[in-house]
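Engineer: Residue numbers (UniProt numbering), protein chains in the order written: chain A, 1 to 353; chain B, 1 to 353; chain C, 1 to 353; chain D, 1 to 353.
Keep in mind the hints are simulated off the structure, nothing from the lab.
Among these hints, one or two may not hold up.
Each pair may be met inside one copy or between any two copies, as identical chains are not told apart.
Cut-off 30 Å, straight-line C-alpha distance, at most; resulting in silico cross-link-like pairs (BS3-like, lysine-lysine) [claimed, not checked]: (1) 335 to 135; (2) 335 to 47; (3) 239 to 215; (4) 239 to 47; (5) 47 to 229; (6) 42 to 239; (7) 215 to 135.
Because the structure is a prediction, the values reported are computed rather than measured.
4 protein chains.
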Amino acid sequence: MSNESIGIGVIGYGYWGPNLVRNFADSGSSHIVAVSDLDAAKLTLSKRRHPEIETTCSFRDLLQNPRIDAVAIATPVHTHFDLALAALNAGKHVFVEKPLAPTSEQVHRLIEEANRRNLTLMVDHTFLYTSAVQKIRELLLQDALGDIYYYDSTRSSLGLFQSDVNVIWDLAVHDISIIQYLLEEDPVAVSATGSCHVAGSPENMAHITLFFESKCVAHVSVNWLSPIKVRQTFVGGSKKMIVYDDLEATEKIKVYDKGIVLNGSPEDAHQFRIGYRAGDMWAPHISAREALQTEVEHFIHCMRTGAVPLSSGMSGLRVIEILEAASRSIAEHGKPVALKPPRRMPERAKVLA
Amino acid sequence: MSNESIGIGVIGYGYWGPNLVRNFADSGSSHIVAVSDLDAAKLTLSKRRHPEIETTCSFRDLLQNPRIDAVAIATPVHTHFDLALAALNAGKHVFVEKPLAPTSEQVHRLIEEANRRNLTLMVDHTFLYTSAVQKIRELLLQDALGDIYYYDSTRSSLGLFQSDVNVIWDLAVHDISIIQYLLEEDPVAVSATGSCHVAGSPENMAHITLFFESKCVAHVSVNWLSPIKVRQTFVGGSKKMIVYDDLEATEKIKVYDKGIVLNGSPEDAHQFRIGYRAGDMWAPHISAREALQTEVEHFIHCMRTGAVPLSSGMSGLRVIEILEAASRSIAEHGKPVALKPPRRMPERAKVLA
Amino acid sequence: MSNESIGIGVIGYGYWGPNLVRNFADSGSSHIVAVSDLDAAKLTLSKRRHPEIETTCSFRDLLQNPRIDAVAIATPVHTHFDLALAALNAGKHVFVEKPLAPTSEQVHRLIEEANRRNLTLMVDHTFLYTSAVQKIRELLLQDALGDIYYYDSTRSSLGLFQSDVNVIWDLAVHDISIIQYLLEEDPVAVSATGSCHVAGSPENMAHITLFFESKCVAHVSVNWLSPIKVRQTFVGGSKKMIVYDDLEATEKIKVYDKGIVLNGSPEDAHQFRIGYRAGDMWAPHISAREALQTEVEHFIHCMRTGAVPLSSGMSGLRVIEILEAASRSIAEHGKPVALKPPRRMPERAKVLA
Amino acid sequence: MSNESIGIGVIGYGYWGPNLVRNFADSGSSHIVAVSDLDAAKLTLSKRRHPEIETTCSFRDLLQNPRIDAVAIATPVHTHFDLALAALNAGKHVFVEKPLAPTSEQVHRLIEEANRRNLTLMVDHTFLYTSAVQKIRELLLQDALGDIYYYDSTRSSLGLFQSDVNVIWDLAVHDISIIQYLLEEDPVAVSATGSCHVAGSPENMAHITLFFESKCVAHVSVNWLSPIKVRQTFVGGSKKMIVYDDLEATEKIKVYDKGIVLNGSPEDAHQFRIGYRAGDMWAPHISAREALQTEVEHFIHCMRTGAVPLSSGMSGLRVIEILEAASRSIAEHGKPVALKPPRRMPERAKVLA
């Protein structure tokens, strides 16, 4: 693909679609050709803001438009598979809001189709492209934390209840993708519990524990029914520990030079003594750049070069497999569910170009 | 028992013992007769601060002292049973640091002994006596929150690793006792996961989910290896929600007039719509009184009147049963463990006299 | 003026201009006809975002355009007077970024011109239109705080140093306009100190005290050279006290039921005793509506009805008089400067329609 | 003076006296011999807590007691001079709660008396001995901040109104002593404003600006009538800036690598451009040691060695001179008052031994 500006079609102009439109437009390398939505009011809104962008109530118009090179999908989860598959079949590169699709089998099918057609398939795991997560990744690559003991995250707020997926597919999906990106190993089992407080609605509160071969453990707490918004992640290591608060305006990441010190032999449990080390805290400067801007530019780069996206279909697949296992565990009140080793077909990209 | 000042013996003058000494002394109704500790340095410290208090390295001296009416035990958990039983056998009322004993069978034995001898047995679940928990209890009794949807608590800091119990026996014990006090129903099952990051040491991080017959759920997250101290509890109800942060100097409890509003029939899942309600926040004034002062006065009141303590042996027993079930679940990576209905021999006291 | 959509011209498309364009466009009652800026790059940016809006490097094109009913000015302070006067002379209603003009004489001249031509002259004191300040005003009108003892505000951050005005004309101007809106009385004198830490630059840090006839006092602290952003205002009354933190996402206003209680006669200083009252805190729900949206609608309303704007020329004049007096006091290291009583030609509008 | 334990007498067992008793007792180098107070109830309290300490209602008993080497005075300000002078005349070393005395002439007289008798006279400027202020001093000595641009502090809470001094003598005194310790230069003038909201009571709210020869400026805001407690100090330098929040449990000091960058020549005001630099934040570990413990040990060290205390009489004198000048400025609504250069008789001690 040449360096000409890439034509983008956006399917779905609800909550997230306007952000996609704005960021693809602001990128110097792409432009929005058309927007589709089933709701005429949404199209009117788009027209008022951007008179030059075509609007249509049929996504098929976008697939047939030769000026559109890639399609960005921001619709309810249960429509992702059909829309993405149709777009790939129409020869369009595809960018899909998270989660990639409701089942791992469907994701598998999309990956195959994209590979067969040599098209870029990327899932919108936005948090991977934040300056904060990029900085944590950088610190881990430098071994600044030592052995990773745990990742413990809380993500809660009031709303937005979704009707087609429960809270883990909406919120925990962020943490699962971050865990996959940050940690060098894959989880081997999951135990999860969840609760539904509104009759007829999916679970609105859940807690997930991911087990690893090593002593590392990950825990994710999500809640759609919290009085206050919380976006807080702890990463504990043998050398240092991080508190990452995404709601902080500037000091999102705090690195604590704190930990324990072992005296005596660990074999002799009755003899060993634990000491505590309390050192400085350090908050590295974090760029204020919008993550979605970084992400759409990465998508365009991957389309042009054929590079595997950081949030590729394969990476999205593993996220879905973990969510499926967590869902099974929730149905059995926390009974652990083993995870099969990941199917790594192409290489997993780990560094943002 | 008359209104004369009650003579107290304190076994153990380590971390918590000095607080017991100070609070029993400050109460107008009791005085410290003697302190015992195996460590001579601790006794020297006590002597320097309180020349008038007797010191001894043998707890038996306290049990034989006729001027001592009650014994307060602040020693490692594995010693609680033997010390408490010996004290009851010596005819002393007993106040034991939490958790009451390492096994429910031992607790059962202590309760029987106390009942047989008509002595007060009380466990030091300090948080029940805080103005904050008392205020939450008061709000729940007024039905200010509506149906309780969840209790979700995080209790973490760096240290203090204990060698004879894991983190749930040290920290989650607080939440289990609070849950038991605040909620009208008993949990029916528990799923828990835990991790050990120091070889030869007990679990230092754990997550517990308690299931109830109703749609209520409780979750407790505890961690000895956190870079910062966290003491935060969310209580969600159908009408209002509470955030209780014990580290706040003054506004420990915030009551949010927030929630969801259901439109349409809950039977028809495809039709129902969830709306959100965002109202005011209110932080009731909380007394700054030290909880332990309230608690020792309650202990003295119960000794004198024969009243059942708020944190009676029976209430301590249920806490231990839940901790035992959680420990079994941790050993099986989250597999749920059913809880037998509580053995309620005497009535459970629910209001602080 | 009829109910037809009002045509707006925006002079200056730098930091604030794009916000004006967006908000006049989102209002259902107005539309942007043209934008002018001396910088061609700014016009290119406008064209890319809004192809339908005319652009020009000459503000005179806007004044001559019959489809433009009103002009919004968002240029450096030293240009405000000439631009606003030319616009009024061209028969346009005028909306000017704060402060209205560099001298009170110039403001006086603009008011006369607007009155003579029966045009609306409004200054963009955005904070008056925030839900937070509106809520505080509402509480004061209800006498919720009792007698007002003080207004004490801190407004600081790193940057943005301006070259044509010092920090009080940039930041304290917000507080002066808020004080004027909230308090029933006018200040009678001002003492101010200021410092310049960059050679050749205007003062970047200042502290202003406003004196009133009553026991009320106001203090404003502003700083362009602060490591962190602060936007915090305390309003103390005899019955209640408010902390207003504009950086809080949701609980911007906290009302404290705290204060002092006098026992004994105030005449007998040696006898009187002061007690303290510590009650609940309450954070009223604050609408998340953008203030500038409220403000442009108010401007349109005033244009159509001839109503006096909340932030009228007269109200802007008083702000400038106070800033001039503060500047004189700064030049004399805090020496108090008396304020003449305000020239109230038309009535001061105090409630937002 | 030998290395024998030093005998201490404490005059005044109200709010601060018990802290003095506890800290002198915990020091290995001193012991409390006797406590005096005019209020018999206070003496009863002392007796109950410390049966071994003598009590008396006459401070003269302490002055005549040969086992008392030094006297610590914790009484109302208006009594400081008479008590301290009597103690010095009785040959006792003297430790006086801040402020040292109500007038600079009285302080001068005490210094002379102490010098003549070769006794240690020390004022209890506790904040100088906090780990936080010591750390800031250390950073300044390392020139970590570059040129100091400003010190800006807020110290407010609800209460405690005092009847014999106004709020600057109670609260600003802390900042004046800290400024004197941290900054290398002395202020040359002061402008201050203050307000009284309770008839017959001294000023309960004040703002003080201290001017220096250099471009440095200091500002102190104090308030007895604030709904929340604030203890926050900003120190701005050309290289780095500090935010010191004394209410933070652990991260009391945050050092920001932020500032401005000048481009172009400062002589040519129209050409120069200011850029902004936003780097990391760093919170050095601060010891949790109680300041008063450090301070009483320093007092004992000075008594034994004859060293000049960090908070010597001379340092206390300068604080009083500044408070007197601020009081005069308050009486004239902010009119600046020049400060005479400090009378530096002995050397000013600047580093804590």
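Engineer: With reference to the structure, classify each hint as holding or not holding.
Structural biologist: Each hint, compared with the structure:
1. Taking CA atoms no more than 30 Å apart as the test, residue 335 paired with residue 135 passes in neither setting, with 35 Å inside one copy and 36 Å between copies.
2. In this assembly of identical chains, the alpha carbons of residue 335 and residue 47 never lie at most 30 Å apart, being 51 Å within a copy and 54 Å across copies at closest.
3. Taking the closest pair of Cα atoms, residue 239 and residue 215 come within 30 Å of each other only inside a single copy of the chain (15 Å); across copies the shortest separation is 41 Å, beyond that limit.
4. Neither within a single protomer nor between protomers do residue 239 and residue 47 lie at most 30 Å apart by alpha-carbon distance, with minima of 54 Å and 41 Å respectively.
5. Taking the shortest alpha-carbon separations for residue 47 and residue 229, neither the intra-copy value of 33 Å nor the inter-copy value of 38 Å comes in at or below 30 Å.
6. Taking identical chains as interchangeable, the C-alpha atoms of residue 42 and residue 239 are never at most 30 Å apart, the minima being 51 Å within one chain and 33 Å between chains.
7. With identical chains, the CA atoms of residue 215 and residue 135 are at most 30 Å apart within one copy only, with a shortest distance of 24 Å there and 38 Å across copies.
Going through the hint list in order, the structure does not satisfy hints 1, 2, 4, 5, 6.
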